[in-house]
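2 protein chains.
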Amino acid sequence: MKILHKIKDVRNFVKEEKGKNKSIGLVPTMGFLHQGHLELVNKSLADNDITVVSIFVNPAQFGPNEDFESYPRDFNRDISLLKEKGVDCVFAPPVDEMYPENFATKVVVRGLTETLCGNKRPGHFEGVATVVTKLLNITDADRAYFGKKDYQQLKVIERFVKDLNINTKIKGIPIVREKDGLAVSSRNIYLSDDERKSALSLVKSFDVVQNLLDEGERDADVIRERVIDFISGFKNTNIDYVSIVDPETLEYKGLIEDKFLLALAVYVGKARLIDNKIF
Amino acid sequence: MKILHKIKDVRNFVKEEKGKNKSIGLVPTMGFLHQGHLELVNKSLADNDITVVSIFVNPAQFGPNEDFESYPRDFNRDISLLKEKGVDCVFAPPVDEMYPENFATKVVVRGLTETLCGNKRPGHFEGVATVVTKLLNITDADRAYFGKKDYQQLKVIERFVKDLNINTKIKGIPIVREKDGLAVSSRNIYLSDDERKSALSLVKSFDVVQNLLDEGERDADVIRERVIDFISGFKNTNIDYVSIVDPETLEYKGLIEDKFLLALAVYVGKARLIDNKIF
Chain R
1 MKILHKIKDV RNFVKEEKGK NKSIGLVPTM GFLHQGHLEL VNKSLADNDI TVVSIFVNPA
61 QFGPNEDFES YPRDFNRDIS LLKEKGVDCV FAPPVDEMYP ENFATKVVVR GLTETLCGNK
121 RPGHFEGVAT VVTKLLNITD ADRAYFGKKD YQQLKVIERF VKDLNINTKI KGIPIVREKD
181 GLAVSSRNIY LSDDERKSAL SLVKSFDVVQ NLLDEGERDA DVIRERVIDF ISGFKNTNID
241 YVSIVDPETL EYKGLIEDKF LLALAVYVGK ARLIDNKIF
Chain Z
1 MKILHKIKDV RNFVKEEKGK NKSIGLVPTM GFLHQGHLEL VNKSLADNDI TVVSIFVNPA
61 QFGPNEDFES YPRDFNRDIS LLKEKGVDCV FAPPVDEMYP ENFATKVVVR GLTETLCGNK
121 RPGHFEGVAT VVTKLLNITD ADRAYFGKKD YQQLKVIERF VKDLNINTKI KGIPIVREKD
181 GLAVSSRNIY LSDDERKSAL SLVKSFDVVQ NLLDEGERDA DVIRERVIDF ISGFKNTNID
241 YVSIVDPETL EYKGLIEDKF LLALAVYVGK ARLIDNKIF
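Residue numbers (the working numbering), protein chains in the order written: chain R, 1 to 279; chain Z, 1 to 279.
Bear in mind the hints are in silico, worked out from the structure with no lab data behind them.
From a predicted model like this one, the values you see are computed outputs, not experimental measurements.
Do not rely on the hints blindly, as some may be mistaken.
One copy or any two copies: either way a pair holds, since identical chains are not told apart in the list.
Cross-link-like lysine-lysine pairs, in silico, PhoX-like; alpha carbons within 25 Å at most [claimed, not checked]:
| # | residue 1 | residue 2 |
| --- | --- | --- |
| 1 | LYS149 | LYS204 |
| 2 | LYS179 | LYS149 |
| 3 | LYS15 | LYS169 |
| 4 | LYS6 | LYS162 |
| 5 | LYS15 | LYS162 |
Work the whole structure out from these sequences, hints included.
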């Protein structure tokens, strides 16, 4: 497995493989890999001749008061996991390789980025869209893999890839969960044992919603309130948002007539956890 | 010469040529071709196996009170000029092919876009950066050609292509001038005979600057004032800006110690003309 830190080395690697008519799959990550990432890697390995995994904690997608500095990192463990999987290449650039002096460009997506996490984390999706554009261009990927846990991120990426005519297929992969249902996340490491129990309130709230729907409830605000009450009943939870939106436009829904996305962001202790489900 | 209107047809054409190891040159234009465009075409034909010329009057780079609707167009004449040159492919998409419903993305460059024309034409360079990103991705160009008359545009394009790691070499081509020195421009067609004479004030002001430099003048504001006075002495001129800036950062210069860019934008009648020279 190649471990590359320079953009030009990745370009050369990819160029050589493409010259042999090999297809390229990209799995962009911020490292500290968990089963969710490895599922993306599995899909890429199955679909493509060559799989490139990027490991880059992207400062541009963290707000000034967010956890960029403390975001968990374990490069050596990541490398051995990826080697075991049979990944062909890891791209792990330093920050100044991705954002050299005089860097001045951003990719901005209107609309989709203005609700949910975009509303709570200003600049976050610009940071995501910019770095993903760079990674897709650097790796010239035929396919790139993203988890549905970051549902809004997936929709934003699908949008700008289409809008900018980037020649990569974007693949969304279902959420991977622990045995008890908690969505796997690098930030789960922040949770104490007690908080771990409270963190289950997110996935458990899906049952609350399903029960209300089964009872015939169609008022999205009533459902939201019941979810808020449910999660707030757990210790150390602090709701960032509970939203019911259209799964395509991510726009607010008042009345439920069709399928919808329940999207959750909840602080449990200091960990900001997200989860979602389409009903 | 192929004339294509659909993105997917261009992709297929380019893919086939690249499969034969052909290099691709792109000349993006808004049509109504003049000698300046044809010079870009000449360079592309010389450097590349395949030359694609795009003809697209890009609504996203015009302000609400600008000349999008009246911008001169002559598709048939453009086509015969390009056929004569030996161009391989013309890409002439309709607006809704480039900006379909729900289009929501823009490429934004900070700093460089905030002076000169960027200051006078809000959103202009976002429109340029977005459409050029699309065209580069659609054509997968090895090289793309832009005139130095639009000096700021060239700098903005160089910037975001580098920042987003787009794998295309950007080539800047010297300004083409009429015999009397007027920079060729599609908008020159707006000029009456009298205005045509006043339009020469832009290129003639370069001599004013050179004389001042020869006399030892180093105060950029003094030079600016003398250029403003000179151009204002011609009938029907209305100065949009006269700027002396650093040729790389496009930042204002007060004292001349090194090389600088004189950049001009002047309305002559209803035509907004630009010109520039590095001293």
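Hint check against the structure, violated hint numbers in rising order: No numbers; nothing is violated.
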